[in-house]
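Asks: Here are the chains, one letter per residue:
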Amino acid sequence: MTATVDPSATAPPDARPLVTVRGLSFHRGERVIFQNVDLDIPRGKITAIMGPSGTGKTTLLRLIGGQLRPDAGRIEVDGACVHELGRRELYQLRKRMSMLFQSGALFTDLSVFDNVAFPLREHTRLPETFIRTLVLMKLEAVGLRGARDLMPSELSGGMARRAALARAIALDPTMIMYDEPFSGQDPITMGVLIKLIRTLNDALGLTSVIVSHDVKETASIADYIYLISEGSVVDHGTPQALERSSSAWVEQFLHALPDGPMSFHYPALPYAQDLSLSKEAALD
Amino acid sequence: MIERLQRLGRLALLSLARLGKATLFLLRLLGALGALGKRPGLMIRQLYSVGVLSLPIIAMSGLFVGMVLGLQGYTNLVDFGATSTLGTVVALSLVRELGPVLAALLYAARAGSALTAEIGLMKTTEQLAAMQMMAVDPFARVFAPRFVAGFIAMPLLAGIFTAIGVLGGYFVAVQQLGVDSGTFWSRMQASVGLVDDIIKGVVVKSVMFGWVANWIAVFEGYDATPTSEGISLATTRTVVNTALAVLVLDFVLTAIFFGV
Amino acid sequence: MGTLKKLELAVGVFVVLGLAAFFMLAMKVSNIAELGEDKGYKVTARFENIGGLKIRAPVTLGGVRIGRVVGIDLDPRSFEALVTLSIDPKYDHLPADSSASILTSGLLGEQYVGLEPGGMDDVLKNGSTLKLTQSALVLEKMIGRMLTNAAAGDQSPAKTP
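Residue numbers (numbering that gives the first Met the number 0), protein chains in the order written: chain L, 0 to 283; chain Z, 0 to 259; chain P, 0 to 160.
By construction, these hints were calculated from the structure, which means they are not laboratory data. Computed from a predicted structure; not experimentally measured. Worth double-checking, as some hints may not be accurate.
Facing chain Z, from chain L, some residues (calculated, C-beta under 8 Å) [as the list claims (entries may be wrong)]: (1) Gly64; (2) Gln66; (3) Arg68; (4) Tyr90; (5) Lys94; (6) Met98; (7) Phe100; (8) Ala104; (9) Phe106; (10) Ser110; (11) Pro118; (12) Glu121; (13) His122.
Coverage of chain Z stretches by chain P, computed from C-beta distances (three or more under 8 Å per stretch; other residues unrestricted) [unchecked claim]: (14) 6-20; (15) 231-244.
Glycine residues also receive a C-beta, built at the ideal position from the N, C-alpha and C atoms.
Given only the sequences and the hints, what does the whole structure look like? Please build it.
Replies: Shown next, in the form of structure tokens:
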């Protein structure tokens, strides 16, 4: 049997988190990416997972989506243990999850319209007129209805992400995962994306998971934040709670301070010694 | 010295592992073939891309190879007064060997590398991962249509190459060099067996080469490192590995079919 | 989608071209014309030595191709070679006493069976046997004979009249 239900389900179903991660450990090659990580993604809210580059935030999304298997621990989405599902059940689960990739990942040989229509055409048997209506609705939500016949190569980066977002909501998923949605965008596009993520989340009753290292933008819409570094959760809480955190690391990260627990200098010999200005050298 | 042996051993193990990976890939690919019937449009698009677009290079090369065979054959046979066999020489060379082999090599260079690059690019831009996350199997939607289309296109291209080659040889031999037209064709027809040469040669060989060439092209794209450097390495590997595989397979098939 | 129609057309043309190429190869390049020829009637001939004669070798009369060799066997009792010829049914008035020889086309060419017509009124039918045959000339034997003749020639001046 595959799906397991949380035995302590005494609380009303809506209050239980959509995704629970317990004791997750994962390594790639010799590098430990996650060490005994615990996470809860609450329903209907925007949860942000933040941390320095390279800490494996994207990997976490892939683990939740079942593209990777954890070495240890348990990941449950809506009660089903993701990495124990067979291929068919996994695909069924994935129809309710959506992921927005960093580059948008639009299919380059299809127009914007066809890209958004793709999940509908693949997974439903709706007639083309229905599909057309749905696609136009999704495109309207992201503001790209007029761009429907453009090819991905003709879109700017921000537009490509919005189109990908329209595609991600095509099947009305339960959860959307955003992989670095703000990276490399100009301020206006960022503003557009921020507004879209928040509005869609509330209007469609979605659960959103944002993986990012853009602190200001993410913190402005996140309901809950997890800070991950070096393979474990350093701290978590609402944006306000984290502001008041006593951890020096959290302070450095949230306020983008150049130096602190994450030191500015790459480990090296003492400066004076390197420049041969130490006492011994001077005597030569 | 020991180091060199170790490195060789490691290389051999890596190659073996890679072959195993490729085989598993192929099995999964074959498993996805069933779903293709629902999407003829995909296959047609791919057939256009690997078949129709390869026609110019195949036709041109076939023509020139045939003409060269006619010319070289003539210059070497005329000393023995045996130019009446020129038709046979041209036809047998093309049908048994040059047609399927050269067509396969050209295919790998043009269509195979394009397939690898396209799939590698889809991998790098996360399109394949996006497809998986949308619960669509890339094997069914991306790999299988390309593999099958190439598998169908390869023998057709080899046939066209061979036929045009024979015509090219005819053109040089008869029109340019004065070999008697009737002799050219009648001696050829007497010596080229339908089953023994054409089927065992062009047909069987090109089908097997098509299998190998498309398997390698699609696999290398799937397995490419998702960086621009990775894609470039993968396309190189496609052309090189296909060439090697085709030539080795050709030797084996020739030994089986035409060996003594 | 209009482009799909164009693509389909192009692909259709491509497939037709490919099949046409194979058709051309089968028709013009191969010996497919001969494959239907087993409507011919079978005649056997015995030879002491068939030399390099192979199946599918042509059978000619007066230089005209009238059939081909379809079978080569060894008679287990007389140790003669048994060659089965298939003759085109439109040549149905060959005298029953025609002779068959194994000849070589050109100096180094392939070997074939050449028939020479006899004079009888009876004609060859399916199952007939040719009685008069001439085996192939085997190069080594010829050379051997030449050498022995040369040797005998040296010794014979006293015998010549």
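Asks: Hints first: check each against the structure and report whether it holds.
Replies: Status of the hints after comparison with the structure:
1. Gly64: holds, 6 Å
2. Gln66: With Cβ-Cβ at 6 Å, under 8 Å, it holds.
3. Arg68: violated, 14 Å
4. Tyr90: holds, 4 Å
5. Lys94: holds, 5 Å
6. Met98: Since chain Z brings a Cβ to about 4 Å from methionine 98 of chain L, closer than 8 Å, the hint holds.
7. Phe100: holds, 4 Å
8. Ala104: Given a least distance of 4 Å, the restraint on alanine 104 of chain L holds.
9. Phe106: holds, 6 Å
10. Ser110: At about 14 Å, which exceeds the 8 Å cut-off, the nearest Cβ of chain Z leaves the hint on serine 110 of chain L violated.
11. Pro118: holds, 5 Å
12. Glu121: holds, 5 Å
13. His122: Given a least distance of 7 Å, the restraint on histidine 122 of chain L holds.
14. 6-20: violated (count 0)
15. 231-244: Coverage by chain P is violated for the segment 231-244 of chain Z (0 residues, Cβ < 8 Å).
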